[in-house]
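Undergrad: Spelled out, the chains give:
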Amino acid sequence: DAGVTQSPTHLIKTRGQQVTLRCSPKSGHDTVSWYQQALGQGPQFIFQYYEEEERQRGNFPDRFSGHQFPNYSSELNVNALLLGDSALYLCASSSLRQPQHFGDGTRLSIL
Amino acid sequence: AQKITQTQPGMFVQEKEAVTLDCTYDTSDQSYGLFWYKQPSSGEMIFLIYQGSYDEQNATEGRYSLNFQKARKSANLVISASQLGDSAMYFCAMSRPSNTGKLIFGQGTTLQVKP
Chain X
990 DAGVTQSPTH
1000 LIKTRGQQVT
1010 LRCSPKSGHD
1020 TVSWYQQALG
1030 QGPQFIFQYY
1040 EEEERQRGNF
1050 PDRFSGHQFP
1060 NYSSELNVNA
1070 LLLGDSALYL
1080 CASSSLRQPQ
1090 HFGDGTRLSI
1100 L
Chain E
808 AQKITQTQPG
818 MFVQEKEAVT
828 LDCTYDTSDQ
838 SYGLFWYKQP
848 SSGEMIFLIY
858 QGSYDEQNAT
868 EGRYSLNFQK
878 ARKSANLVIS
888 ASQLGDSAMY
898 FCAMSRPSNT
908 GKLIFGQGTT
918 LQVKP
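Chains as they are written, first to last, in the working numbering: chain X, 990 to 1100; chain E, 808 to 922.
Errors might be hidden in some of the hints.
Said to hold, decoys possible - Derived coverage of chain X by chain E (criterion: at least 3 residues anywhere in the stretch with Cβ under 8 Å from a Cβ of chain E; other residues may be distant):
{"id": "1", "stretch": "1032-1041"}
{"id": "2", "stretch": "1086-1099"}
As the list claims (entries may be wrong) - Restraint ranges, calculated between C-beta atoms of paired labels, are given here:
{"id": "3", "chain 1": "X", "residue 1": "992", "chain 2": "E", "residue 2": "887", "range": "22 to 28 Å"}
{"id": "4", "chain 1": "E", "residue 1": "888", "chain 2": "X", "residue 2": "1052", "range": "45 to 51 Å"}
{"id": "5", "chain 1": "X", "residue 1": "1017", "chain 2": "E", "residue 2": "812", "range": "32 to 38 Å"}
{"id": "6", "chain 1": "E", "residue 1": "862", "chain 2": "X", "residue 2": "1007", "range": "23 to 29 Å"}
{"id": "7", "chain 1": "X", "residue 1": "1043", "chain 2": "E", "residue 2": "835", "range": "36 to 42 Å"}
{"id": "8", "chain 1": "X", "residue 1": "1046", "chain 2": "E", "residue 2": "868", "range": "37 to 43 Å"}
{"id": "9", "chain 1": "X", "residue 1": "1029", "chain 2": "E", "residue 2": "921", "range": "20 to 26 Å"}
{"id": "10", "chain 1": "E", "residue 1": "824", "chain 2": "X", "residue 2": "1005", "range": "28 to 34 Å"}
{"id": "11", "chain 1": "E", "residue 1": "871", "chain 2": "X", "residue 2": "1005", "range": "40 to 46 Å"}
{"id": "12", "chain 1": "X", "residue 1": "1049", "chain 2": "E", "residue 2": "824", "range": "39 to 45 Å"}
{"id": "13", "chain 1": "X", "residue 1": "991", "chain 2": "E", "residue 2": "922", "range": "33 to 39 Å"}
{"id": "14", "chain 1": "E", "residue 1": "868", "chain 2": "X", "residue 2": "1069", "range": "41 to 47 Å"}
{"id": "15", "chain 1": "E", "residue 1": "867", "chain 2": "X", "residue 2": "1073", "range": "37 to 43 Å"}
Hint data in this document are derived by calculation from the structure and do not stem from the laboratory.
What you are looking at is a predicted structure, and each value in this text was computed from that prediction instead of being measured.
Beta carbons: idealized from backbone N, C-alpha and C, even for Gly.
This is chain X alone, in the form it adopts within the complex (with noise of 0.2 Å):
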């Protein structure tokens, strides 16, 4: 039973550029959360997915955006990278009464 999975596992980006990353959620799971962990850091929350709509939302800016898709997979797109986004960027996956279970993340460096 594959667990949630995140691609890539490291990504060097530099700044202005955008970037996308990827995560599939754990079989039979529909919720998909995002987090943000920076370094020494508990995560934030960046936002939730659930019926391919987003359903919260952390307190973040406009240039983080997400798409969930029908088979529950999802993606996190940051645009207009700054030097603060540098971050280890979380992928949980969940469902009713069922703890948040997180893939491995993506390590997300900004030049």
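Once you've looked at the hints, dock chain E against the given chain X.
TA: For chain E alone, coordinates are given in the frame of chain X:
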């Protein structure tokens, strides 16, 4: 607003001993969930244990137990018989009523297990 506070930046424990990691929370909700996650240096976030605010019994999962004191708004994690593989960062988190709601995380506690 919901808030999680973990006051221990780092902890040491001898192998095979028990250790308690502290977590206090603040919320005005009557219904909420409390979680503990483990994050090894490799980065993945591993779910350990869950406690619902209306659960009367403290949650247990193998060597992990959650000491839930609702009146004190604390949800401490107890790890019994520590193993070298327990060395990692530990995060306490909470969510609103549904288990699928967004998680609010604390700053984390780094645990090092000594042989």
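Undergrad: Now, for every hint given, state plainly whether the structure supports it.
TA: Each hint tested on the structure:
1. 1032-1041: holds (count 5)
2. 1086-1099: Check passed, 10 qualifying residues.
3. 992/X x 887/E: 22 to 28 Å: holds, 26 Å
4. 888/E x 1052/X: 45 to 51 Å: About 46 Å separates the Cβ atoms of residue 888/E and residue 1052/X, which means 45 to 51 Å holds.
5. 1017/X x 812/E: 32 to 38 Å: Since residue 1017/X and residue 812/E have Cβ atoms about 33 Å apart, the given range 32 to 38 Å holds.
6. 862/E x 1007/X: 23 to 29 Å: About 44 Å separates the Cβ atoms of residue 862/E and residue 1007/X, which means 23 to 29 Å is violated.
7. 1043/X x 835/E: 36 to 42 Å: For residue 1043/X and residue 835/E the Cβ distance comes to about 25 Å; the hint is violated.
8. 1046/X x 868/E: 37 to 43 Å: At 31 Å between Cβs, range violated.
9. 1029/X x 921/E: 20 to 26 Å: holds, 22 Å
10. 824/E x 1005/X: 28 to 34 Å: Hint violated: Cβ distance 51 Å, outside 28 to 34 Å.
11. 871/E x 1005/X: 40 to 46 Å: holds, 44 Å
12. 1049/X x 824/E: 39 to 45 Å: Holds, at about 41 Å.
13. 991/X x 922/E: 33 to 39 Å: Since residue 991/X and residue 922/E have Cβ atoms about 34 Å apart, the given range 33 to 39 Å holds.
14. 868/E x 1069/X: 41 to 47 Å: Holds: the Cβ-Cβ distance is about 43 Å, inside 41 to 47 Å.
15. 867/E x 1073/X: 37 to 43 Å: The hinted range 37 to 43 Å holds for residue 867/E and residue 1073/X, with Cβ atoms some 40 Å apart.
Consistency with the previously given hints fails for numbers 6, 7, 8, 10, ordered from lowest to highest.
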